[in-house]
Amino acid sequence: MMMNAKAAMAAVCGLAALAAAQPTVAQEDLKVGVIAALSGGGTAWGLGLQRGVQIALDEVNTAGGLKVAGKTYKLSMVAFDDQYNAAQAKTAAERLVNQEKISFLFGPVGSPGALGSLPVTQPAKVLQFVDGYAPAILKNEWHAGYVFRVNNSNREFAGPIVKWIRQTMPEVKKIGMIAPNDAVGQAAVPILVDAYKKEGFDVWVEYYERGSKEFTPLIVRMMAQKVDLFEINSNAPGEAGLMVKQARQVGFRGKILQSGGAGVDEMIEIAGPLAEGFLKYDVIEFTAPEVKPLVDAYNKKYQGIINGMVPIYYNAAHILLEAIRRADSLDTTKVRDEIEKMEGWETKMFGKLAWTGQAEYGAKHQIAQPFFIKEVKGGKGTVKTVLKPE
Amino acid sequence: MLSPILLGQAVVNGISLSAIYILVALGFTLLFGIMRVVNFAHGAFAMLGGYALYYVYGRWGVPYLIAAPLSALGVALAALVLERLVYRWFYQKMFQSMIGLLGLEMAIVFTAVIIWDPHERSVPAALAGIVEVGGIIVPTDKLVIVGVAAVALAAFYLFTKFSKYGLAMRAAAQDVEIAAAQGIDTTRIYQLAFVIAIFMAALAGGFYAQTYALSPLMGERPLMMAFIVVILGGMGSIPGVALGGIILGFAESFLGTFYGGSVAVFASFGAVILLLIFRPWGLLGTPET
Numbered sequence: 009m010m011m012n013a014k015a016a017m018a019a020v021c022g023l024a025a026l027a028a029a030q031p032t033v034a035q036e037d038l039k040v041g042v043i044a045a046l047s048g049g050g051t052a053w054g055l056g057l058q059r060g061v062q063i064a065l066d067e068v069n070t071a072g073g074l075k076v077a078g079k080t081y082k083l084s085m086v087a088f089d090d091q092y093n094a095a096q097a098k099t100a101a102e103r104l105v106n107q108e109k110i111s112f113l114f115g116p117v118g119s120p121g122a123l124g125s126l127p128v129t130q131p132a133k134v135l136q137f138v139d140g141y142a143p144a145i146l147k148n149e150w151h152a153g154y155v156f157r158v159n160n161s162n163r164e165f166a167g168p169i170v171k172w173i174r175q176t177m178p179e180v181k182k183i184g185m186i187a188p189n190d191a192v193g194q195a196a197v198p199i200l201v202d203a204y205k206k207e208g209f210d211v212w213v214e215y216y217e218r219g220s221k222e223f224t225p226l227i228v229r230m231m232a233q234k235v236d237l238f239e240i241n242s243n244a245p246g247e248a249g250l251m252v253k254q255a256r257q258v259g260f261r262g263k264i265l266q267s268g269g270a271g272v273d274e275m276i277e278i279a280g281p282l283a284e285g286f287l288k289y290d291v292i293e294f295t296a297p298e299v300k301p302l303v304d305a306y307n308k309k310y311q312g313i314i315n316g317m318v319p320i321y322y323n324a325a326h327i328l329l330e331a332i333r334r335a336d337s338l339d340t341t342k343v344r345d346e347i348e349k350m351e352g353w354e355t356k357m358f359g360k361l362a363w364t365g366q367a368e369y370g371a372k373h374q375i376a377q378p379f380f381i382k383e384v385k386g387g388k389g390t391v392k393t394v395l396k397p398e
Numbered sequence: 107m108l109s110p111i112l113l114g115q116a117v118v119n120g121i122s123l124s125a126i127y128i129l130v131a132l133g134f135t136l137l138f139g140i141m142r143v144v145n146f147a148h149g150a151f152a153m154l155g156g157y158a159l160y161y162v163y164g165r166w167g168v169p170y171l172i173a174a175p176l177s178a179l180g181v182a183l184a185a186l187v188l189e190r191l192v193y194r195w196f197y198q199k200m201f202q203s204m205i206g207l208l209g210l211e212m213a214i215v216f217t218a219v220i221i222w223d224p225h226e227r228s229v230p231a232a233l234a235g236i237v238e239v240g241g242i243i244v245p246t247d248k249l250v251i252v253g254v255a256a257v258a259l260a261a262f263y264l265f266t267k268f269s270k271y272g273l274a275m276r277a278a279a280q281d282v283e284i285a286a287a288q289g290i291d292t293t294r295i296y297q298l299a300f301v302i303a304i305f306m307a308a309l310a311g312g313f314y315a316q317t318y319a320l321s322p323l324m325g326e327r328p329l330m331m332a333f334i335v336v337i338l339g340g341m342g343s344i345p346g347v348a349l350g351g352i353i354l355g356f357a358e359s360f361l362g363t364f365y366g367g368s369v370a371v372f373a374s375f376g377a378v379i380l381l382l383i384f385r386p387w388g389l390l391g392t393p394e395t
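So the protein lines, in turn, are chains A and B. This note's numbering puts the first residue of the first sequence at 9, with every later residue one more than the last. This note's numbering puts the first residue of the second sequence at 107, with every later residue one more than the last.
Treat the hints as calculated values from the structure; they're not laboratory data. All values derive from a computational prediction rather than experimental measurement. Please note that a few of the clues may not be correct.
[To be verified] With the Cβ distance kept under 10 Å, some of the chain A side facing chain B (calculated, not the full set):
id: 1; residue: A45
id: 2; residue: T51
id: 3; residue: P143
id: 4; residue: N189
id: 5; residue: I199
id: 6; residue: G219
id: 7; residue: R256
id: 8; residue: G259
id: 9; residue: E277
id: 10; residue: I313
Glycine residues also receive a C-beta, built at the ideal position from the N, C-alpha and C atoms.
With these hints in hand, go ahead and build the complete structure from the sequences.
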């Protein structure tokens, strides 16, 4: 976290020096904020968020900066770690809003952090782009005034996934879930449970304290319930990978599926060969030609696995930047209004932009995009089917 | 819900959890027992042990039985630099060591974040597969950990109880000045105890990374578990580590299996609180005079 902040500051100083040396290219600095899990079980998502935004900012900077109302802005990022929890996210939001004076914020990923940060960002009219499944992220006392959810939530994808299971796995009757005992488990998991029950499945749920690494006793407890499908639900990649690994190690032979999260590679990295056959919701197919430029840019700049949060937040950053161009202003109300009008805008890799949520949340601030079910085969996630959100 | 297979599975899981907890706590209790140092950087050395094993075994392909001790030994010998620069200032200073070594932990962990980034990754298992006995499943990699924990515990106990250096360590633990007056080179003995303690931490960290996942921030939980185990068993007591590890491992397995995760956490921490109230020196520890 500190490293990123310092790197951002160093970049700012460097850019300022560059600007001073080249007076003909008058550029101002525009800082955008990032709150991401840069430690703990949600790290993979946090890094994906941070890197996706950074690649989008780099593209604009390389093209000469962002032109707004006659000025050209060089874009930079200030990032803080929320450790995937609400209290840290609130602290991070206070620092970004009150000290760094940012107006545009990406993240957090995950309901705990998203819900923790909203009481700071919404009264301050900071335009925020979050990913987390709790309905209260959009259905809240601020009427989702300055927050957009830039990924499908399980309210949108749970129904189609459960129907697909009903159609393709007739042998599955009972579902087992192990969920964190926090905002994820309390607000997001019940949506998934309801979707299963609506289709006639029997559902068993057990909770664990966030930070646990040993799930074997709970998995054994779940197996005693004779479940046919182990649903990993919205667990972060660190925990989800361990659940897959430990379930297979204690002899669970049923299907394992995760209706939530983004990216399957982290789980393959953690579970190794035991991930074989694992089914997973995902947001993008990285081998698609329209995604290749992003993958190339990622591999050029970073080491490690590219996950679904990279394209999600790369896309979110470009939505914001396009809205700023259209508004020709940095006023967050004007920019928000432009985002709402951008329905049908051709994104770089998700097709036409679509907003939904008026009936469900009272604001059309919920993105709606097709999604994938992938299956791990030969150590790789391969597309099994493509579904549309409800 | 109670069935012989389920009961057997809970016992097997309890044994493997206990083995991990014992391994993690052994080095921690040694440093406290000999030098009265509360090593809050213990988790950081466990993490370094995980990365060492990742490279030596996972990347360079050194055979596992050589790679595991070699990685731990590499970390322990490299840590001698920190023994000279940091630890030596905190010997016999329990409270100062807590704060000082917490700072060292943060310095090591965030240096690791800069070097490796916080991504979680896996260390390949030494033995992949499962053994099934009468319907009870035993993962083979956990069998390895149980075996190593048993050997380490026995070797540790025998070394401190019956070897010349172990005797010197115990003498230094009882009264460092009198031990020195008897001709014991306490600086060397402290260094030896330090190397053994860090070796154990790094070895445990390698197993921990293999069992769960490897990342610069992975040391937090082993540190917490080590702390709970030695409080339960008694700070500085090696048999206490064995007892504390077994109690914690079995409690987590049985309570988690039959009553759920939240009950297991509540009961484990509740037991530690009660122990701190009624027997603060632990089950097999001795009260401070």
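A quick look at each hint next to the structure:
1. With 10 Å as the threshold, the beta carbon of A45/A comes within range of chain B, its nearest partner Cβ sitting at about 9 Å, so the hint holds.
2. For T51/A, the suggested interface contact is upheld, since its CB lies about 5 Å from the closest CB of chain B, less than 10 Å.
3. For P143/A, the interface hint is violated, the least distance from its beta-carbon to any beta-carbon of chain B being 24 Å, above 10 Å.
4. Because the closest C-beta pair between N189/A and chain B is about 6 Å apart, less than 10 Å, the hint holds.
5. At a threshold of 10 Å, the smallest CB-CB gap from I199/A to chain B is about 21 Å, leaving the interface hint violated.
6. For G219/A, the shortest C-beta to C-beta distance to chain B is roughly 7 Å, which falls under 10 Å, so the interface hint holds.
7. At a threshold of 10 Å, the smallest CB-CB gap from R256/A to chain B is about 8 Å, leaving the interface hint in force.
8. Annotation: G259/A was flagged as interfacial toward chain B, and the flag holds, the nearest CB pair being 4 Å apart, inside 10 Å.
9. Checking E277/A against chain B by beta carbon gives a least distance of about 6 Å; that is within 10 Å, so the hint holds.
10. The beta carbon of I313/A comes within 7 Å of a beta carbon in chain B, closer than 10 Å, and the hint placing it at the interface holds.
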